[in-house]
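Construct all of the structure, not just a fragment, from the sequences and the given hints.
Residue numbers (the numbering used here), protein chains in the order written: chain A, 1 to 433; chain B, 1001 to 1319.
Note that these hints are calculated values from the structure, not bench results.
Simulated pairs of lysine to aspartate or glutamate, DMTMM-like, Cα-Cα distance not exceeding 20 Å:
| no. | chain 1 | residue 1 | chain 2 | residue 2 |
| --- | --- | --- | --- | --- |
| 1 | A | 3 | A | 36 |
| 2 | B | 1088 | A | 270 |
| 3 | B | 1088 | A | 313 |
| 4 | B | 1065 | B | 1100 |
| 5 | A | 312 | B | 1089 |
| 6 | A | 3 | A | 371 |
| 7 | B | 1088 | A | 310 |
| 8 | B | 1003 | B | 1100 |
| 9 | A | 168 | A | 133 |
| 10 | A | 152 | A | 133 |
| 11 | B | 1035 | B | 1025 |
| 12 | A | 244 | A | 294 |
| 13 | B | 1002 | B | 1015 |
| 14 | A | 312 | B | 1085 |
| 15 | B | 1002 | B | 1014 |
Treat the numbers as computed from the prediction; the structure is a model and nothing was measured.
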Amino acid sequence: MTKYVIRRARLLGEDVVDIAIADGVITAIGTDLPADEATEVDATGLVALPGLVDLHTHLREPGREDAETVFTGTRAAARGGFTCVHAMANTDPVADTAGVVEQVWRLGREAGYCDVQPVGAVTVGLGGTQLAELGAMAESAANVRVFSDDGKCVSDAVLMRRALEYVKAFDGVVAQHAQEPRLTEGAQMNEGLLSGELGLTGWPAAAEEAIVARDCVLAAHVGSRLHVCHLSTRGSVEIVRWAKSKGWDVTAEVTPHHLLLTDDLVRGYDPIYKVNPPLRTADDVAAVREGLADGTIDIVATDHAPHPMEDKECEWSAAAFGMQGLETALSVVQHAMVDTGLLTWAQVAERMSATPARISRVGGGHGRPLEVGEPANLVLHDPAATRTVESTDTASLSRNNPYTGLELPGRVVATFLRGTPTVLDGHLQEAVR
Amino acid sequence: MKKHLLSAGDLTRDDAIRVLDTAQELLGVAQRPIKKLPTLRGRTVVNLFFEDSTRTRISFEAAAKRLSADVINFSAKGSSVSKGESLKDTAMTLQAMGADAVVIRHHASGAPHRLATAGWTNGAVVNAGDGTHEHPTQALLDAFTMRSHLGTDGGVGQDLAGKNVTIVGDVLHSRVARSNALLLHTLGANVTLVAPPTLLPVGVDAWPVETSYNLDDSLEKADAVMMLRVQRERMNASYFPSAREYSRRYGLDTARMNRLPEHAIVMHPGPMNRGMEIGADVADSGRSVIVEQVTNGVAVRMAVLYLLVGGATNDEGEA
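Shown next as structure tokens:
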């Protein structure tokens, strides 16, 4: 069955409409559309958004298939309303050659739950010393346009400059993990009152801001596109705002967890809250929310970082950095941004679908508006639902969910990938392929 | 008292005084020909040391044995995840063995906290030093030592109200300084932390202490001066230009010691770098109570184990 009529959805949270889908395309939007043998989906009260696009996902395959695979990660993505995710390059082997990015891309196609667009490493082995073959990755079947050493900072200023310049040849973008390495040696949590009290080595805001500022200036100097990953501090927001005011081609992302969680959660030394960049202060949270609302921060990206239990059930300093995010992203954004009046659903669609797709130049009809003739990538979200997050309620292989036990609003009811439901009635559809 | 001793901040003023007074009573045991009480007979105390510290381990071992507890020493050097067992598995092993108390020393800040709260073990957890976080029994023995010198009639029942304590050195990395700042504040003392700005943690202005970059400024009013060990590894990490400069600016030499009030005592948690943070003459002077700190350490740890494991934990009204 390839025809659906979605009944009485609130398009971008506004007008109540029916949406007809056939053969992967939106064929009609209106009221009281004819059923025409289509499967009807009751979407009363649900918000229809374009399929979400995540610019920052760790799928862990190849290398850490105990934490996540492309298959399980894309299933988690579908449950979160995503139709496209960008797989970060810090796999093992690192996605620094055409061969590895093509492997990840192919695994995504086989998984079928959402499109997987690989991100290529900037430097060989994320080593920070030699450019990876960026052109080969761009020309590969994976068609890579986003390059990032995420997890590590391209800290060498000359190498960063060269990377920014080089990717202009194929309209690429360098997505920087902004972390001055010397200022963050052994860093465990946000540097502030609490790090001093807990005796955990601080990760100062200045270590992020120094790199963000340097990279903005470099990108302007060479006329390149720069994307700042997981921006987390008030200072970074102000620097990006300043760079944009100059007309520089800088974009930035914030993670759901940096929109909601603060460093005081570290007090109990539970590594579930250990993440890089670290959870910051309530003032930083207010600043990234403002930044996302006024457009200084362009997008929300999950930085979904699954880890096996044993890497979190240990002492803080031995634990891995990172938290899951795909299945809770839209709920967190609703809670932090929509229910607070900072964003409309239309603006959420822009920040979680249209803009990330534009930054990555991804094809496949992602980030397109919900209009007749467009590919039927869409998500139906119930904003009136609430749920208490449980770590076991996941399609991911991992359980490192920092929202466990928290009550969050909203629930993804259905996700359509090119007209095929990957999630329906809140359940993964097992026979997607 | 709380079930565990993870931070000096876990102790109320009454708790702290109860520990110190109990230690005072137990100190007498050490002077007897037979240095043993039957109090913890049949109880098991595990010394779980992930970091080398012979001094602290034997202090806890002596304390537990003098209370007739069964003592198991478990030494797990190095990172718990690099090779071998995880902290969780170690904890579950100890639980299976029926540990009534786990004394843990760990290189990771917060490891005792994890052990106490993750549900891996039921025993009382005593923090014997965790990373750069805390070392609460050290603070208790320091307070005990101060009280016996600075209090009236040996200090029993008293706090340290109004006493001026100067703590000097690498506060940033010092678990001793953190625990002392908390406990001494609870006991009413005025604490001054003295260090070069590089060795004071961010946010120290919110601690209940005074801070100073200048050692000489606080000497004349000090009732006690505590010198912190400077780790060798700090010397190559640009926290200060050289060992000599550190010693000149922040070392306690004879000239500085002579500017202390008559009654003031000099303390050091050990092990000392003689000639670096403390002059040899100062360490061996009549004002130095450094050896006494070690003696008191056993009594204070006996008191902690007794109060946490000995069944005296629930009679709040007694204090």
